[in-house]
Amino acid sequence: MSHPAEKTSSTNNSRTFDQKENNNIILKDNLEKAKKKGVPASVYGFIFSSFSLTMFLFAPIGQIGPYFMMNSGLFVNACCIILFGLLDNIHSRTSFTAIAFLVRIVEAIGNAAYSTAIQAILTETFPTEIEKTFGFFRGAYGLGLIMGPAIGGTLYQLSGYALPFFCTGGFLLIVYTLSTILFWNKSDNVNTKISESIIVKALRIPSVSLSMVAVCLGGMSIGFLNVTLEPHLHQFNLQAIEVGLMFVLNGSVFSLTSVLWGLLCRRKISPKIEIALGASIMCIAYLLIGPAPFMPWNSSVIMCAISMAFHGFGLATELLASYSDALEQSKRNDCPDSYQTYGVISGLWTAFFQLGNFIGPSIGGVLYDQIGFREASVVLLGLQLGLMV
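Just so we're aligned, residue 8 is where the sequence shown starts under our numbering, counting upward by one.
Treat the hints with care, as some may be off.
Unchecked claim - Have a look at the derived ranges for each label pair, beta carbon to beta carbon:
(1) L252 with W191: 37 to 45 angstroms
(2) T187 with G167: 27 to 35 angstroms
(3) E249 with P213: 39 to 47 angstroms
(4) P300 with I97: 42 to 50 angstroms
(5) F75 with L109: 17 to 25 angstroms
(6) P238 with L392: 20 to 28 angstroms
(7) S102 with N192: 38 to 46 angstroms
(8) L185 with K208: 30 to 38 angstroms
(9) V396 with L93: 47 to 55 angstroms
What the hints assert, rightly or not - Straight-line Cα separation of at most 25 angstroms, SDA-like style, residue types lysine to any residue; simulated pairs:
(10) K279 with R339
(11) K338 with A283
(12) K139 with L267
(13) K338 with I280
By construction, these hints were calculated from the structure, which means they are not laboratory data. All figures in this text were calculated on a predicted structure; none of them were measured in a lab. Idealized CB from N, CA, C, for every residue including glycine.
All chains should be modelled from the sequences, with the hints used to inform the complete structure.
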């Protein structure tokens, strides 16, 4: 890699890591704060899911230059995180809820801006190493998934509610400053305007649509487990740190697999086969994690841990293959090899991932309440089976 390319990759990976770390901190700390202020579970649940819904709506942005969009989105995101750290000073339940909604939605818009721009910039910077680049990109995401709860919990224990947000937001402001300095001379004088017709054209390509379905199901799976796995594990009387280790295991395997697939899969394997492979591994995970009602054994901690490892492996495989296949197929179907196409695919990928992240917790909670975890996991199994076929 050239020196400018290394700067682009390392800076963007640090942003991705910190974004996921921040999401984990916000989720944990604000759930506790919302409960103390008397906010109903249904309301604070929607506060956090509104982030994914907003990102779904705003992710295909491309009306401004990618570097300006990346840095401005990062700045907005950092400021919103710091504002979250000040919510503790609001004593009115109504005011707390309204401002939390507002800050979360604005944060999601900033997140959508820089997430979409980062993927487009990385794709344009490394056009012949898309799998490797996206593998490291998702690996940084997985690292944030692992480190977020640990760092956030430690900072919370040290100084209470505000410190995790101030540290995370402050770190993002430092990254924003470095990014602005490093890329100040990068030209945004490229045609980045994304029209509705280009998005529709991309979605009409069957392979692109299939990739977006795979991305959405991956997001659904993460969201489903985020809201249902912890109550499922209550039967084993685990400590909070032991429950957290389940998610650390999932994130660790996801991160490692993303990097390994990025290094090893240089189009020797069809991305559609990779998606099917990822879906089949996810099916194994959902067969074992409940386990499914028709499996001849009872649930156990060891089986749940094995399932989370399978889940991380399958999820990384699905997500990595879906992006590279969507981009490859769009260019094969007369979409230009330009920022415009990179922006469309990056925006759609982010949008459908966040759509899944919105749907997963929503249906996951309902299914868990109505039919229980074992039966609910069969629904996710069926969706992954359909994708595999």
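Hint check:
no.: 1; hint: L252 with W191: 37 to 45 angstroms; in the structure: holds, 43 angstroms
no.: 2; hint: T187 with G167: 27 to 35 angstroms; in the structure: holds, 31 angstroms
no.: 3; hint: E249 with P213: 39 to 47 angstroms; in the structure: holds, 44 angstroms
no.: 4; hint: P300 with I97: 42 to 50 angstroms; in the structure: holds, 45 angstroms
no.: 5; hint: F75 with L109: 17 to 25 angstroms; in the structure: holds, 24 angstroms
no.: 6; hint: P238 with L392: 20 to 28 angstroms; in the structure: holds, 25 angstroms
no.: 7; hint: S102 with N192: 38 to 46 angstroms; in the structure: holds, 44 angstroms
no.: 8; hint: L185 with K208: 30 to 38 angstroms; in the structure: holds, 37 angstroms
no.: 9; hint: V396 with L93: 47 to 55 angstroms; in the structure: holds, 50 angstroms
no.: 10; hint: K279 with R339; in the structure: holds, 15 angstroms
no.: 11; hint: K338 with A283; in the structure: holds, 22 angstroms
no.: 12; hint: K139 with L267; in the structure: holds, 8 angstroms
no.: 13; hint: K338 with I280; in the structure: holds, 19 angstroms
Of the numbered hints stated above, none is contradicted by the structure.
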